[in-house]
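K.L.:
Sequence:
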Amino acid sequence: MREKIKLSGVPETMLQTIYARAKESRGRGAIHDAKAEEIIEKLDYDFSLADKDTAMRSGVIARTIVLDRMTKEWLASHPGAVVVNIACGLDTRCYRMSGYAHWYNLDLPETMAVREKLLPESGTISQITMSAMEDWGSEISEQNVPVLIVIEGLTMYLSERNIQRIFTVISSRFSNATVFVETMNPTIVRHFKEKSIDASNAKFNWGIKNGKTLAELLSDFRFVEEHSLTEGMAAFAPVYKLLDRLPAVRNISNKIIVLEKEL
Numbered sequence: 000m001r002e003k004i005k006l007s008g009v010p011e012t013m014l015q016t017i018y019a020r021a022k023e024s025r026g027r028g029a030i031h032d033a034k035a036e037e038i039i040e041k042l043d044y045d046f047s048l049a050d051k052d053t054a055m056r057s058g059v060i061a062r063t064i065v066l067d068r069m070t071k072e073w074l075a076s077h078p079g080a081v082v083v084n085i086a087c088g089l090d091t092r093c094y095r096m097s098g099y100a101h102w103y104n105l106d107l108p109e110t111m112a113v114r115e116k117l118l119p120e121s122g123t124i125s126q127i128t129m130s131a132m133e134d135w136g137s138e139i140s141e142q143n144v145p146v147l148i149v150i151e152g153l154t155m156y157l158s159e160r161n162i163q164r165i166f167t168v169i170s171s172r173f174s175n176a177t178v179f180v181e182t183m184n185p186t187i188v189r190h191f192k193e194k195s196i197d198a199s200n201a202k203f204n205w206g207i208k209n210g211k212t213l214a215e216l217l218s219d220f221r222f223v224e225e226h227s228l229t230e231g232m233a234a235f236a237p238v239y240k241l242l243d244r245l246p247a248v249r250n251i252s253n254k255i256i257v258l259e260k261e262l
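Note that numbering that gives the first Met the number 0 has the sequence shown beginning at 0, numbered continuously upward.
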């Protein structure tokens, strides 16, 4: 029997994103996400809006491609590291990666209750039921190891103060931390609506121009580099290989910004 899921607001967006990954994995195949396919088969949910929302789907696939590549490369150079996936929703990256000592998936109680049903995890994968603004760092048992924090699909729904608070939590707990954080351009926040996301009553609130500007808001972190999601789009829409060279296109696209905790 399929699992009926009732969610609204930001938590509901996790159903659209996992559906986007499952559909891509089953169809065109720019990513392979067997876990997402498996979960979608278990759900009783109307995905008709997500089906029509090609903009949302393309964005989800592009960021999956970019973040998978970045995470894989980072883990290869930091074997035995710890990964914390903030606002994990039904993300399945922990099943596609190797080389970590422990992977923590963190989200709000409503979300984690759903994850617990669909993805019961143990051993080297743990679940933390907390807000990203709370002291979740105290739940991480490993000491003095490199830590990667991934913040995907979250900042655009928060306030600047809340984003600073998340980085304060990271800074107060870890001396050796790298953060991959997805951000949206302020123009897109103001003018763009994704049909399936909008229907869930989740609203975009915050955006920032680039990684250097973000680092200026965060006293303990330095800007390392940033990747535009156009890099991921190029994997399945070849025209983006050309568009990626245009600063205007790169600048308006969502970015994955890499920051490091200043020792």
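These are calculated hints, taken from the structure and not from any lab test.
Treat the hints loosely; a few may be bogus.
[What the hints assert, rightly or not] Pairs of lysine-lysine, DSSO-like flavour, derived with a Cα cap of 27 Å:
hint, residue 1, residue 2
1, LYS202, LYS240
2, LYS3, LYS51
3, LYS34, LYS116
4, LYS71, LYS3
5, LYS71, LYS51
6, LYS71, LYS5
7, LYS260, LYS71
8, LYS71, LYS22
9, LYS22, LYS5
10, LYS22, LYS34
11, LYS116, LYS22
12, LYS3, LYS41
13, LYS41, LYS51
14, LYS260, LYS211
15, LYS208, LYS5
16, LYS116, LYS5
17, LYS202, LYS71
18, LYS202, LYS51
19, LYS240, LYS116
20, LYS41, LYS5
21, LYS116, LYS211
22, LYS22, LYS211
23, LYS202, LYS22
24, LYS22, LYS51
25, LYS51, LYS34
26, LYS260, LYS240
27, LYS240, LYS51
28, LYS71, LYS34
29, LYS240, LYS3
30, LYS240, LYS71
[As the list claims (entries may be wrong)] If you anchor each label on the Cβ, the simulated ranges turn out as follows:
hint, residue 1, residue 2, range
31, ALA100, ASP219, 44 to 50 Å
32, ASP134, SER218, 33 to 39 Å
33, LEU262, LYS51, 45 to 51 Å
34, GLU40, GLN163, 38 to 44 Å
35, ARG1, TYR94, 18 to 24 Å
36, GLY8, LYS116, 26 to 32 Å
37, LYS51, LYS211, 20 to 26 Å
38, THR53, GLN163, 44 to 50 Å
39, ILE187, ASP50, 20 to 26 Å
40, PRO108, ALA75, 32 to 38 Å
Just so it is clear, CB atoms sit at the ideal spot from N, CA and C, and this is done for glycine as well.
K.L.:
So, for every hint listed, does it hold in this structure?
P.N.:
Going down the list of hints, with the structure as the test:
1. LYS202 <-> LYS240: violated, 30 Å
2. LYS3 <-> LYS51: holds, 21 Å
3. LYS34 <-> LYS116: Holds - the C-alpha atoms of LYS116 and LYS34 are around 14 Å apart, at most 27 Å.
4. LYS71 <-> LYS3: Roughly 34 Å between the alpha carbons, so the hint for LYS71 and LYS3 is violated.
5. LYS71 <-> LYS51: violated, 31 Å
6. LYS71 <-> LYS5: The given pair, whose Cα atoms are some 33 Å apart, is violated under the 27 Å limit.
7. LYS260 <-> LYS71: holds, 20 Å
8. LYS71 <-> LYS22: holds, 23 Å
9. LYS22 <-> LYS5: Distance of about 21 Å is within 27 Å: holds.
10. LYS22 <-> LYS34: Given pair LYS22, LYS34 holds - Cα atoms ~12 Å apart, limit 27 Å.
11. LYS116 <-> LYS22: holds, 21 Å
12. LYS3 <-> LYS41: holds, 9 Å
13. LYS41 <-> LYS51: holds, 21 Å
14. LYS260 <-> LYS211: holds, 14 Å
15. LYS208 <-> LYS5: violated, 35 Å
16. LYS116 <-> LYS5: Distance ~13 Å between LYS116 and LYS5 Cα, so the pair holds.
17. LYS202 <-> LYS71: violated, 31 Å
18. LYS202 <-> LYS51: holds, 19 Å
19. LYS240 <-> LYS116: Roughly 40 Å between the alpha carbons, so the hint for LYS240 and LYS116 is violated.
20. LYS41 <-> LYS5: holds, 14 Å
21. LYS116 <-> LYS211: With Cα atoms ~40 Å apart, LYS116 and LYS211 exceed 27 Å; violated.
22. LYS22 <-> LYS211: The hint is violated at about 35 Å.
23. LYS202 <-> LYS22: holds, 24 Å
24. LYS22 <-> LYS51: The hint holds at about 12 Å.
25. LYS51 <-> LYS34: Roughly 22 Å separates the two Cα atoms, so the pair holds.
26. LYS260 <-> LYS240: Roughly 32 Å between the alpha carbons, so the hint for LYS260 and LYS240 is violated.
27. LYS240 <-> LYS51: holds, 25 Å
28. LYS71 <-> LYS34: holds, 18 Å
29. LYS240 <-> LYS3: violated, 41 Å
30. LYS240 <-> LYS71: The given pair, whose Cα atoms are some 22 Å apart, holds under the 27 Å limit.
31. ALA100 <-> ASP219: 44 to 50 Å: 24 Å Cβ-Cβ, so the 44 to 50 Å window is violated.
32. ASP134 <-> SER218: 33 to 39 Å: violated, 18 Å
33. LEU262 <-> LYS51: 45 to 51 Å: holds, 48 Å
34. GLU40 <-> GLN163: 38 to 44 Å: holds, 40 Å
35. ARG1 <-> TYR94: 18 to 24 Å: For TYR94 against ARG1, whose Cβ atoms are near 21 Å apart, the range 18 to 24 Å holds.
36. GLY8 <-> LYS116: 26 to 32 Å: violated, 19 Å
37. LYS51 <-> LYS211: 20 to 26 Å: violated, 37 Å
38. THR53 <-> GLN163: 44 to 50 Å: violated, 34 Å
39. ILE187 <-> ASP50: 20 to 26 Å: holds, 22 Å
40. PRO108 <-> ALA75: 32 to 38 Å: For PRO108 and ALA75 the Cβ distance comes to about 34 Å; the hint holds.
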